[in-house]
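Participant: Here's the letter readout for the chains.
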Amino acid sequence: MRFLIPLGVFLVMVIFLGVGLSLDPREIPSPLIGKPAPAFDLPTLEAPDRRFGPHTLKGRPYLLNVWASWCEACRAEHPVLIDLARRGEVNLIGLNYKDTPEKARAWLEAHGGNPYQTVAVDANGKVGIDWGVYGVPETFVVDANGIILYKHTGPLNRKVLTEKILPLLRTPQDPRAKTP
Amino acid sequence: MTAEIGQYCLLLALLTALFQGTLPLIGAARGQGLWMESAIPAGRAQFIFLALAFCALINGFIENDFSILYVASHSNSALPLYYRIAATWGAHEGSMLLWAFILSGWTLAVTLFSGGLTPVFRARVLGTMGLISFGILLFIQWTSNPFLRLIPMPAEGNDLNPLLQDFGMTIHPPMLYMGYVGLAVAFSFAIAALLGGTLDAAWSRWSRPWTLVARIFLTFGIVLGSWWAYYELGWGGWWFWDPVENASFMPWLVATALLHSLAATEKRGAFKAWTVLLAIFAFSLSLLGTFLVRSGVLTSVHAFASDPARGLFILVFLAVVVGSSLLLYGLRAPVIRDSTRFTWLSRESLLLVNNILLVTASASILLGTLYPLVLDALKLGKISVGSPYFARVFTPLMTPIVFLAGIAAMVPWREGQLDKILRPLLRIALPVIVLAVALSLLVDGMSDIATLAGIGMALWLLATQGLSLWNRIKHRQSLSEGVSALSMSFIGMNFAHLGLAVFVIGVTLSGSHSEEKIVKLAPGESASIGAYTFKFGGVHAVEGPNYHAQEGRFDVFEGNRQVAALTPQKRIYQVQKNPMTEAAIDPGLTRDLYVALGEPLDKDAWSVRVYYKPFIRWIWFGGLLMMTGGLCSLLDKRYRIGSRKDLTLESQRGA
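So the sequence lines, in the order shown, correspond to chains G and F. Its first residue numbered 1, the first sequence is counted upward by one per residue in the numbering used here. Its first residue numbered 1, the second sequence is counted upward by one per residue in the numbering used here.
Since the hints were made in silico from the structure, they are not lab data. These numbers were taken from a predicted model, which means no experiment stands behind them. Check each hint, because a few of them may be wrong.
[Said to hold, decoys possible] With the C-beta cut set under 8 Å, the calculated list includes, among others, these residues of chain G facing chain F: (1) V19; (2) G88; (3) W107; (4) A123; (5) I165; (6) L166.
Each residue gets a CB set at the ideal place from its N, CA and C atoms; glycine is no exception.
Bound conformation, chain G alone (with noise of 0.2 Å):
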């Protein structure tokens, strides 16, 4: 009997990877809900020697993306974006991750524009590591007092954006008080 052990740990393992399929692994919830944003103090794509920091915002709710010129998905959740920072409801922030100003630049243009209120330069990526970027593109949602409320990893989409992020940055509320 003991000879077929390895069968069952090895059935079981299989059962959670099937049950695993079918759920989302890009909803992955960041450890840093409910804490206050890491700081950070980052050249800007507009102007190299102007630098940008969550303090900077100190007082407004705002959305950080994380986006790079190589991410393909970031494709996707461009005109989502765009769309967003045409109605003018929330402050965009945008992180360029690992990319460079001139390819950053570039591919704003090409693809419909720039959304983002200011775009921080993260060229080598440690702001990312001290926001838990896993993977881009992905789009942290700060409240007015700098805490982290909520973490979408993977492109934004209409549904995702009207019914998670903005009723976050509608209502005023206390982000200790919810455990996510």
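Put chain F on the given structure of chain G with help from the hints.
Facilitator: Just chain F now, with coordinates in the frame of chain G:
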């Protein structure tokens, strides 16, 4: 037209694989000689078909045939030729075709170098490989066909991910796949032995060189990947415990256990059932790695496009292959009898401990990789397991392995005497401790216990290894006679363990004593890190063969002495207008100095990253030494593959 030829060859290979996976196995069961022999031409034909299919796809890339969807998605006419060729395996469909092609290459090798095998055994090995190949080819044809046409044809391709446009990245996947897929041979030998009930010393002697070769490639692939991550990703790190990295590391650990266990099986007839199980595990983990990477159940920095249909197919394939092998094992293993007895103090026991530790390490990595998935499946919430978990679990498991590795070679098979083993060990223990403390004082004033422990373990391994080497040669007339009497596999083991010690030193010192700084520098300003001062001499334009670059100059001083002049670049490739950061590294035996230009800031000032990485090169050097060890062992005269005469001679000698 070539895409259609490729598609046609792929289908022919699929049919051939089905033939190869059925007729020879039936023949082996019924004793039909001709049916068994048919495995050989089938295996060779499959190789030819897949080679043609693979060439057809490469040709699509070379000719910039953007009417092929896969080429259009991953190439561009401006991409240099060698990167266009490498782009063939730059994404999912092509890398699966490479997987299948490499498996057929291993099949061809088995048909060529299997002269020493009995016809029944060879038919079963090739039959098993045929079945695996059939599954993979069906997967390609069904869910990942690289030859699909794109109509209308676009004028230009989407280009290859710029991160992959690098020398390291062009050879890393093929090497890794050679290792991964090579474990299929050891697996097929195990299945053939279980089917025939012939788990003897000959079986382990046949398996060992194949496992060795696969592990050499796997080691090389992992070392390449780690080195590439270090110099190209610009994080200064060499291992990230990413699920995809883990997927290659788990089979490596089990293959290492398998090699050690095969030694005990071959020499002493011990652990037969366990060894067979390890051979199954090693390849199962390769398949599991493929599943994890290809199905998208885990998010990772490596994650490619994922598709649920692909995930489901690989899961079913995994369940069938691994499930049926483990069932076969469960049914056949109970009758396997180990023909040997050994006491707790014997090389067998130590090898068993080594095996348990390696398999436990592999299992804990598997646990860490799958744990988030399992919690999610049980609706217990979502977590991600990162490097703190792996570092905490892995170090305590590796420490005893390093501690025992050197001792094992001194302990005799079957039964050792405690005082005989202990006496020389006690004699070297004190010098090792003293030297470790002295070196640790020298490095950091003994402020870090991890440094002391790491140095101590590496020295211990070197000392015990040296002692066992000395024991082998001291009874000979002269040193040269003693050395020449050593077997190649013994020399190989020494190289591999030396590599382990070198690796431990690299990990320890680069881990606890690296420094990095990100600074803003104007020409004339300098930044210091450790004992080194980096003086920025400004940036000027440079013309390369196919790029314009901004090149910074850094003069690096240690005290007042200049040790290096580093010239990192920001390049813009003319054809592609593709900016790339080229870090400048001053490599050294004891330290790397690493400078990368960040962004131009105000006026002439730049943001600059500087790193000081002590002994980091020892990590990869250790890996290469392990590889060298494998190559030496392969040259051992016992493993001259395909020479029946050698094998029979050996067995007459009674090993």
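Participant: Hint by hint, say whether it matches the structure.
Facilitator: Status of the hints after comparison with the structure:
1. V19: Because about 4 Å separates V19 of chain G from the closest Cβ in chain F, which is inside the 8 Å limit, the hint holds.
2. G88: Violated, because the Cβ-Cβ distance from G88 of chain G to chain F comes to roughly 29 Å (cut-off 8 Å).
3. W107: Violated. Min distance 12 Å.
4. A123: holds (6 Å)
5. I165: violated (18 Å)
6. L166: Check failed: Cβ of L166 of chain G comes no nearer than 23 Å to chain F, outside 8 Å.
Hints 2, 3, 5, 6 from the earlier list are contradicted by this structure; the remaining hints agree with it.
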